[in-house]
Amino acid sequence: MRKLLSMTLLALAGTSAFAGGYRVSLQGQKQLAMGHTGVAVVNSAEVMFFNPAGMSFLEDKFNASVGANALFAKTKFQNETYNWQNSTDNMGTPFNVYASYKINNWLSAGIAVYTPYGSEVEWDRDWQGSHLVNNIDLQAIYIQPTISLKVSDEFAIGGGPIYVTGSVSFDRNLNRSLANEAENRTDVNLEAKGITAWGYTAGFMFNPCKEIRLGVNYRSEIIMEARGGDATFNDVPAFAQGTYSTTTFNADLPLPAELTAGLSFNVTDKWMIAFDYNRTMWRAYESLNVDFDNSVPTSVNPRNYHDTNTYRVGTQYKATDKFTFRAGWYKDESPISSGYFAPETPRNDSMGYTGGLTYQINKKLGVDASFLYLHFDEVDASYDHYQENGQTIPFGGTYKSTVFSPGVGLTYSF
Amino acid sequence: MKNKYIYIAVIAALGLASCEPEFETEVNDASYSAGEADFSSYVAVGNSLTAGYMDGTVFRGGQAYSYPNLLAQKFAIVGGGAFTQPSFADDVNNLGGLMLGGVQIGGTRLVIDFAAGGPEPIVGTPTVEVSNLQATAYNNMGVPGAKSFHLLTPGYGNLGGVALGTANPYFVRHATSANATVLGDAMSKNPTFFTNWIGSNDVLSYATSGGIGVDQTGNFDPSTYGGNDITDPQVFAGTYNLIVNGGTHPVLGPITGLTSNGAKGVVATIPSVTSIPFFTTVPYNPLTKSVLGQGNDAVGEATINALNAQLYGPLKQALTVFGAGNRINLLSTTASNPLLIKDESLTNLSAQLTAAFTPTLGAATAAFYGQVFGQARQATSQDLVLLTTRLAIGTAPVGVPAPLDKYGITYPLEDKHILIPTEKTAIANATASYNNTIKSIAAAQNLAVADMNAIMNRLVNGLRLEDGQIYTADYFAGASNLSTVLFSLDGVHPNPRGYAVIANEIIKVINSHYKAKLPIYEVGGFPGVTVLGSN
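Chains as they are written, first to last, in my numbering: chain G, 1 to 414; chain L, 1001 to 1535.
Quick caveat, the hints were computed from the structure, so don't treat them as lab data. Quick caveat, the model's predicted, so the values are computed rather than measured. Glycine included, C-beta positions come from ideal geometry on N, C-alpha and C. Be careful, since some hints might not be right.
[Stated by the list, open to error] Simulated coverage check for chain G against chain L, where a stretch passes if three residues somewhere in it have a Cβ under 8 Å from a Cβ of chain L: (1) 63 to 77; (2) 168 to 177; (3) 387 to 397; (4) 400 to 407.
Same shape as in the complex, but just chain G:
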């Protein structure tokens, strides 16, 4: 089993992990199918992400869940003033691996590996908004050793440190018109790999009665500090090559803290309803500043994100010993303030519709399947903080996104 886990991890970590946004709520097939609720749900080892305290209430001694999603994110853009149309289709494969082990009656330990943040957006090179972004690929893998203490049969706490390893690659044109002698637009490519950082998660779960669980979980902010990344300027005209020469850069990107509270309610032995509320501290993302090591001026890109709320509801029905069905819904607020809608994260408020099932092959092994459809209203939006020659040059139009993500997973326990 250990060999299988490590091989899976290796295979998946090599691929680009993300798509269509920067917080990707796909941290477990069972819980995703229930609207990505889970802070007060004890279903499987997935609980290590949602609320480590829940590990104590898992029935089996050993629990493992492995899963991955195929994330299809599509965004279309148009602007009637200029007859602009563009679109970006991106595919990512976020994954997760959870394994917990009950050491004794009051102590459980395990390890969780998941990918809660990321973004891959690739527009056509030199598209209309290329002075803001040509393409971006942000990856972050969270590795979380976890313990849980069962204080009583009604109350448990849990948590652990989080080690993040990630990378970022970003490309955009230097401005709206600069090109080299061959009329290729001048761009800058930023690449930082092997960025590491530490954070933590902590939570508690309380079962006031047999039917109801309450849970609270907090995952800390983690700042990805890119230091000494490679900044490469491409297609620079000869006269500007003295300034725009290959150099290194420093930049900070916050992966914001998230506070979740929720409850689950067992209506019958077979039927459960769960509610989660997430507060994501996006306020940390004020500005993306890229500080170049040479004389190129620091690139300041105001983001001014605000904290957001997400409201989730999910339900699960154990139809037979073999089949469990799940469905859910959530409302996800965008952290992007008016006038800060940058095409690197073309994401407005959305509604998530989820569903899925588990087929239990035998007592130990089950197959999970889920799907997520994220509905975005079309939105007229612009990014109004790009500066050119001391003037603010807005870039905007109408955006419409869809996100669809089917996923599969395996659950193994004994």
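Using the hints, position chain L against chain G.
Just chain L now, with coordinates in the frame of chain G:
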């Protein structure tokens, strides 16, 4: 077990059925319309501005940014037909310029040589050969250098006339025959829609030559005009009317005008010269002590004191005696001093100055001084210094010995270097008259008017466009306005970004006048001036 497969099939189907984002109202070519206009055959007539001339020439790359070509690309969305421009395929190295029988008669395009500084012709020999005759009528009939009456002149495209100055090398290249007229070739395209931006050269060539030509107001025979003269307003009006409406010319006979077949179109007014960087870039008073000391203030201060003691002081003293002391003031060591210029409208005091200087300088030298400074004065803010004069300031006039060997400092700049107020008035009067003609002829035919004069005047103080940038009519100043400059390095013609502004303004006029709906260009995405690492 059967159920299992059904469930799995449902999940698999969901996994494949990914949704496409769709707008409630999709923007595509069908979102736009031609309104009352019919763009199936669009023809542009005009001069260098219509031809896509920039950086002092027409070159292959620049021609692609001519405003008619930009317009045609938008017209194509709403039923516009093919749009052709004179072939510059022989401009293989994209240098522009002109050759006539293997002899260069036109300079290559101007570039900024980053290593050297100022604009200069790109190094190379032109490959655009005038005698390589295309004999083809094109949709873009902009002919660089053409004045209004040239559009009606047979033989303006005759190869044999180029050396004589009676033909235009650019028109020669594509005239359908030696005797063809620009308007005749344009009408052979049977335009359903036209733009007409002719008339600038009827006054501009006088202005860019520093007013050395003649204001021909009152002379109704354009065949007697010199190249740098101002066209008589009545001649302009008559010619413009024929171009737009057709009719019978007393000498040339029947003329088919642009609207003859019921074509609709846009006519454009003539920009006033005071809005063009060619006349607004070099200040009238550039002489600081730093400039005069070539960067060394102490040297400059000494130079100023010496100039005051030896030239400006005695000159002012002598002029004061003759009641003209205000022509010259002593140079200041703290302020920026005006250039010394010749004003041919002033009373000539040569004899008086000669007499005054004879006791100190001797008869011969005094006579020379008298002749040089007889109509000299210092420039004022009312004078316009030509962009090309920048290179003349401080240089030696031909055959003039020290200490008078510095144009603008110890020797007056000449008529060709400066527009003085009387010349400006002649230009302004002609421009105003032409523009009134253009507007009234347009009104009579219910044609749309693109008021380029008004737009250019707004650019002087900065014009905020749809994209948020403030664009100005400033001359290229380096990295500080690389992204906002609209003019090419010749200071008269727009660069690609400037032509995009012009195309947008014409589109807006078409949208409002002909109830069309056409998209505009994002000006900021267009290239500006060409800066090379080395030349």
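Original post:
In terms of beta carbon proximity below 8 Å, does the segment 400 to 407 of chain G have 3 or more residues touching chain L?
Top reply: With 5 residues closer than 8 Å to chain L, the segment 400 to 407 of chain G meets the three-residue bar; holds.
**OP:** Go check the segment 63 to 77 of chain G versus chain L for me, would you? Three or more residues, Cβ under 8 Å, otherwise it fails.
**Re:** holds (count 5)
Subject >> Coverage assertion for the segment 168 to 177 of chain G with respect to chain L, Cβ distance below 8 Å, three residues required >> reply: holds (count 3)
Original post:
Okay, the segment 387 to 397 of chain G and chain L, do three or more residues pass the C-beta test at under 8 Å?
Top reply: holds (count 6)
Violation of the numbered hints given earlier is absent; every hint is satisfied by the structure.
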